[in-house]
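Chain order of the listed sequences is A and B. Each residue of the first sequence is one higher than the one before, counting from 0 in numbering that gives the first Met the number 0. Each residue of the second sequence is one higher than the one before, counting from 0 in numbering that gives the first Met the number 0.
Treat the hints as calculated values from the structure; they're not laboratory data. Do not rely on the hints blindly, as some may be mistaken.
As the list claims (entries may be wrong) - Okay, the calculated bits of chain A under chain B, using three or more residues with CB under 8 Å as the criterion:
| hint | stretch |
| --- | --- |
| 1 | 56-62 |
| 2 | 138-152 |
To be verified - Only pairs whose alpha carbons sit at most 16 Å apart, straight line, appear in this in silico EDC-like list of lysine to aspartate or glutamate:
| hint | chain 1 | residue 1 | chain 2 | residue 2 |
| --- | --- | --- | --- | --- |
| 3 | B | 9 | A | 139 |
| 4 | A | 152 | B | 133 |
| 5 | B | 149 | A | 133 |
| 6 | B | 149 | A | 118 |
The C-beta atom is built at its ideal place from N, Cα and C for all residues, glycine as well.
2 protein chains.
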Amino acid sequence: MADDLHSDPKPAESLGEIGLFHFAPYLMNRIMGRYNADVQTSLKQQGLTTVKVRTLGVLTVVPGLTIKELAVYAVTEQSTLSRALESLEAAGFVRRQEREGDRRLREIHLTEAGRQEFEKHWQLLYARYQTMFDDVGEDERAQFVATLQKVLKNTRLHDF
Amino acid sequence: MADDLHSDPKPAESLGEIGLFHFAPYLMNRIMGRYNADVQTSLKQQGLTTVKVRTLGVLTVVPGLTIKELAVYAVTEQSTLSRALESLEAAGFVRRQEREGDRRLREIHLTEAGRQEFEKHWQLLYARYQTMFDDVGEDERAQFVATLQKVLKNTRLHDF
């Protein structure tokens, strides 16, 4: 029956049966809530926002994205990203240029100053990452990342 | 030297060397950004917020928390949680009572109506969870959750 999903809506397990600390979305929200709050606090002291640093970080590895693509990569609303980009452009950290072969599209690139700016903050992000995975060995990290990649494929709306 | 951490601030790897799609905090932010946006959209249609449903969910498994404890469990600012609790109390979904042995503390408990309300929304959360972990087998899920629990211990400020 095509309507099977709706004819029996009762989930196979309750949250109590799974257990709050065994329910992966809950654990991930707890972890990322803490991580993002910590990063935000540290960046604020340096006059930056998470969105700006994420934008610089993404552009160091994937240059030449459009604003639409960048919003997905940087996990940000396009309107928030627009404002961040204006400020990053004014600071000389990013520049925009027409995409070769399609002049309607504007690509965003990092400048050398933008690359240096990200390097300064990468130190902080990397240190937090190391603390998070302190007692997680190399094989376990690799397995963890492999599962995350599967889950991202199952979750995302875009093919990147 | 006590100052070793600061005397050599250069991270061992760059983001480019690790790879954006191999950097666990990035993958987790991508996944949870999508998951939370989807859940928020579905709940909004039913006149609820993520914070309210999280609060109900946490209380189904850990009854009798104080507002301070609940803020940590529900990954929410205390001020936001306060407003959510007022609304949940007015709807008859939670009730407050003095903690036995310490009358200064007020515990928050779910009512039977609150429990039924959460059950209605758990169906949605559970379905999203199943989609996320669609092609992740039982052993892989267990390993993934075990790693998440380690990472939460390394990240959190409280002992719960």
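Here is how each hint holds up against the structure:
Check result for the stretch 56-62 of chain A against chain B: holds, 5 residues qualifying (beta carbon to beta carbon below 8 Å, three or more required). A count of 11 residues in the stretch 138-152 of chain A with a Cβ less than 8 Å from any Cβ of chain B is obtained; the coverage claim is therefore met, three being the minimum. Only pairs whose Cα atoms come within 16 Å are accepted, and residue 9(B) paired with residue 139(A) is rejected, the gap being roughly 25 Å. Straight-line distance between C-alpha atoms of residue 152(A) and residue 133(B) comes to about 10 Å, which keeps the hinted pair within the 16 Å bound.
About 9 Å separates the Cα atoms of residue 149(B) and residue 133(A), which keeps this hinted pair within 16 Å; it holds. Taking the CA atoms of residue 149(B) and residue 118(A), the gap is near 28 Å; set against the 16 Å cutoff, the hint is violated.
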